[in-house]
Amino acid sequence: MADNNNTYNSENFKNNLIKLYESNRKYFSSDSSEKTQKLRDKAFKSFKEYGFPNKKDESWRFSKLDQLFRDDYEFDFEPKLKKFDVNKIFTCDVYDLDTYCVTLINGWFAYKNSPLSVLKDGTIIGSLSKALEIYPEIVEKSIGSTAKIDQPGFVSLNTTFMQDGLFIYVPDNIEVEKPVQIISIVDSKNPIFIQPRNLIIVGKNSKLSLIHCDHSLSHNISFTNTVSEIILNENSYIDHYKVQNKGRNSSLITSIFFKQKSDSKIINNAITLNGGFTKNQIDLQIEGENCSSNLNGLYIMDKNQHVDNQVLVKHNKSNSYSNQLYKGIVNDQASAVFSGKVYVEKDSQNTKAFQNNKNILLTDEATINTQPFLEIYADDVKCSHGATVGQLDSEAMFYLRSRGLCEQTSKQLLMYAFTNEIINEISIEPLKNNIASLVEKRLKGELSICDQCILNCDSSEPKFIQNILD
Amino acid sequence: MLSIKNLKVSVEGKPILNGLNLEVAEGEVHAIMGPNGSGKSTFASVIAGRDYFDIKEGEVKYLGKNLLEMSPEMRSKEGIFLGFQYPVEIPGVSMTNFMRAALNEKREHLGLKQLSGAEFIKIMEEKQELVNIQSKLTNRSVNEGFSGGEKKKNEIFQMALLEPKLSVLDETDSGLDIDALKIVANGVNYLKRKDNATILITHYQRLLDYIIPDFVHVLYDGKIVKSGGKELALELEEKGYEWIKEITNKE
Chain Z
0 MADNNNTYNS ENFKNNLIKL YESNRKYFSS DSSEKTQKLR DKAFKSFKEY GFPNKKDESW
60 RFSKLDQLFR DDYEFDFEPK LKKFDVNKIF TCDVYDLDTY CVTLINGWFA YKNSPLSVLK
120 DGTIIGSLSK ALEIYPEIVE KSIGSTAKID QPGFVSLNTT FMQDGLFIYV PDNIEVEKPV
180 QIISIVDSKN PIFIQPRNLI IVGKNSKLSL IHCDHSLSHN ISFTNTVSEI ILNENSYIDH
240 YKVQNKGRNS SLITSIFFKQ KSDSKIINNA ITLNGGFTKN QIDLQIEGEN CSSNLNGLYI
300 MDKNQHVDNQ VLVKHNKSNS YSNQLYKGIV NDQASAVFSG KVYVEKDSQN TKAFQNNKNI
360 LLTDEATINT QPFLEIYADD VKCSHGATVG QLDSEAMFYL RSRGLCEQTS KQLLMYAFTN
420 EIINEISIEP LKNNIASLVE KRLKGELSIC DQCILNCDSS EPKFIQNILD
Chain H
0 MLSIKNLKVS VEGKPILNGL NLEVAEGEVH AIMGPNGSGK STFASVIAGR DYFDIKEGEV
60 KYLGKNLLEM SPEMRSKEGI FLGFQYPVEI PGVSMTNFMR AALNEKREHL GLKQLSGAEF
120 IKIMEEKQEL VNIQSKLTNR SVNEGFSGGE KKKNEIFQMA LLEPKLSVLD ETDSGLDIDA
180 LKIVANGVNY LKRKDNATIL ITHYQRLLDY IIPDFVHVLY DGKIVKSGGK ELALELEEKG
240 YEWIKEITNK E
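Which chain is which? The protein sequence lines are Z and H, in order.
Residue numbers for the first sequence follow numbering that gives the first Met the number 0, beginning at 0 and rising by one.
Residue numbers for the second sequence follow numbering that gives the first Met the number 0, beginning at 0 and rising by one.
Warning: the hint list may mix true and false statements.
[Claimed, not checked] Here are the in silico distance ranges between beta carbons for each label pair:
(1) 394(Z) x 4(H): 28 to 34 Å
(2) 114(H) x 362(Z): 34 to 40 Å
(3) 426(Z) x 56(H): 56 to 62 Å
Don't read these hints as lab results, they were simulated from the structure.
Where is the CB? At the ideal position from N, CA and C, for every residue including glycine.
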C-alpha cells in the first residue's frame, strides 16, 4: 500500500470512483427519484469529463490533493446502523446551549426515534433521503439548484454519490425557536470516504440558526466531501456556524452554496481549529435586492495542518451588501490559503462589497497564500479588498511586557485579541463563550488535535460506534 | 536607587547616548530636558528594556542589580514603570483584564496572594478616582480609540495601580491641554513617596510648574551637559536650547 501511494494519483482515483459508481448503481437508483436521477447522471457525466482539479486550476493551486487519494478507502453505500442514540457516546460540551441536535454518522443521518421530525411550528428536520421519499416536491425543486456540477472538483463527485445528509425545511413566517445543531461524525477502523449532502431551505420571513460541527472520533484516516445547499427565501435569515476540530489524518472538503433572495440576511462563521487537510468553499449567489451577508472565518493551524478557505460572492442584483472577514494564525510548518472573490454583475448598482484577510505567521516555516479578488462590472459600487500577513506587533508586545506580563503571556494575549474580532460576531452567547474558551485553550497549547472539543468526547482511546453497540 | 555610569547606546550603528551619567536616590524627582533628538526617549526605553538598542558601554545599576540583564517584565516586577510617550493601542485586549494580569504578576513576584476579580475591581476603582479616569475607559480595549489626553491619563492610572519604585515618564505632558496636564501632574504628585523616585522627561518647562523637581538635567547629544535645581528649567525656558548648544559646543 505504501508503494501504491507514491504512484497513485488523481487519474487512478477518478477511474476507481467511476468503476465504483457503475458497479453499485443499484444503491443510488433506489435512493433517487426520476428528477434526482437525472441530476445524478448529469453530475456523473461531468465528473467523468472533468475529474479532479489539477494544479493549473487557480482555486486549487496551493492545496495539494494527490496525497489524499488512496485506493483503500471504504465506501458505505448503506448505513451500518440506522437507529442510534448520540448521547451514548458523548454529550455536547457547550454549556447552556439548548439546541435541536441531530447527527450524521459517516454521512448517514442517525436517529433515535424517527428519521424525519416535524416540529410544532411546521419545520421539518431530518434525513435527506427520507425527505426525498416523503416530500419529493420540496427536495426536487431545490436540490442541485445552487451546487455547481459543471466544473472539475468535488461537487459533481458528491452529487453523483449523494445518498443522505441533513434536510431542514423552515416554512414561511417561522422563527425556529432553538438553534439546530448538526454533528457530523466520522468513525471507522479503516480509511473511509464519505460524502454527506445537506439541503437547507429557509422560507419567507423565517429565521434559522444552524451550528454544523465536524468531528472525528479517532485518529484514523478519513476523507469527507460535504456539499450543503442553503436557500434563503425573501426576508429570511440564517445564522450559520461551521466548527471543525478534526484529527490530523482527516481530510475535509466542504462546499456550501448559498442562494439569497431579496431582503435576506446571512451570517456565516467558519471556524477551523484543527484538521489535517481542510478546505472550506463558499459560493454565495445574491439573487435579490437589499440582501446582506457577513462571511467570517477564523483558522488556527499548527504542525503540518493545512487549511484553505475559498469564498466567492456574486452580486447578481443591485443594492446588496457583503462583507468577508477571515483571520488566521499559522504556526510551525502549517499552511493556510485564503482566496476570496467578489464578483459584481453589470447592472448590480449600489453594491457594497468588502473583503479582508488578516494573518499572523508565528514561524519562518509557516506559510499563507492569500488572494483577494474583485471583479466589478457595475459602475456605482463601493468595494474594497485587503490582505495582511504579519508577525505579532512588537510595540504591543513591549507595552504588555513593560507592565510585567511575560513574553509567553503577552503573545497569547495578543493572539487572542486578534481572534476576538471574529469571536465577537458570534451571536449565540453560549456558543460564543465556548468557542472563545476553545480558542484560548488552543492558543495556550492546551488543546491539541482532537484532544478536547466542543463535543467533549474522550479521544484518548478511540471509540468505535460499532464497539459501543456490541 | 538608580546609578547610570558612562552609558553608550546606539541604534542601527548610529550613536544615540554618548556616555550618560545619572544618579537617582529614593524620594527624588528628576527632570530630564533637552531638544528634539537629544536621546531623551532612547534613554527612557533603555531603562524599560526595549531590545532594539545596542548597549556599547557603561552600566546601569538599579537597587544594586544589573538592570541591563533583566527582561522588561522583570524590570516591571522589580518596580520600574515607563509612562509611554505614545501609548500603544491594543484592540481586543480589555484594559481591566490586562491590568489585573499585570498586578497579579507583580503580586506573585512579591509573594503576595492573587487578587480575585472583586478585589481587583475595588482597587481599580480607588485608583481610577485618584487619576480622575472614567470607568468607561477601563471597560474598553487598551488605549483603543482613546484621545491623546485619555491615553496619558491611562498611563498614570496604570502607574497608580502598579505602585512603582522608579517611574520614568516619557513626555507625559506632550499633547495635553491644561486641564489634562493638571490631572496628570496631580496623579504624579499624589503617588510620590519617600521611598520612590520619578524621572520626568520633557521638552517644555510647563509640566514643572505642577510637578516640582529636585533636580533638572539637560540632555544634549546623548550626554547630560548641565544639571541644576528647579531654577535651571526656568533659565532654559528663558534662554532656549540654543543657549545649551552654544555652551556645549564651546566646550
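We went through each hint and held it up to the structure:
For the pair residue 394(Z) and residue 4(H), the beta carbons lie near 30 Å from each other, so the given range of 28 to 34 Å is met. The supplied range of 34 to 40 Å is met by residue 114(H) and residue 362(Z), whose beta-carbon atoms lie about 35 Å from each other. In this structure, residue 426(Z) and residue 56(H) meet the distance hint of 56 to 62 Å, their C-beta atoms being roughly 59 Å apart.
This entry satisfies every hint, going by the numbered hints stated previously.
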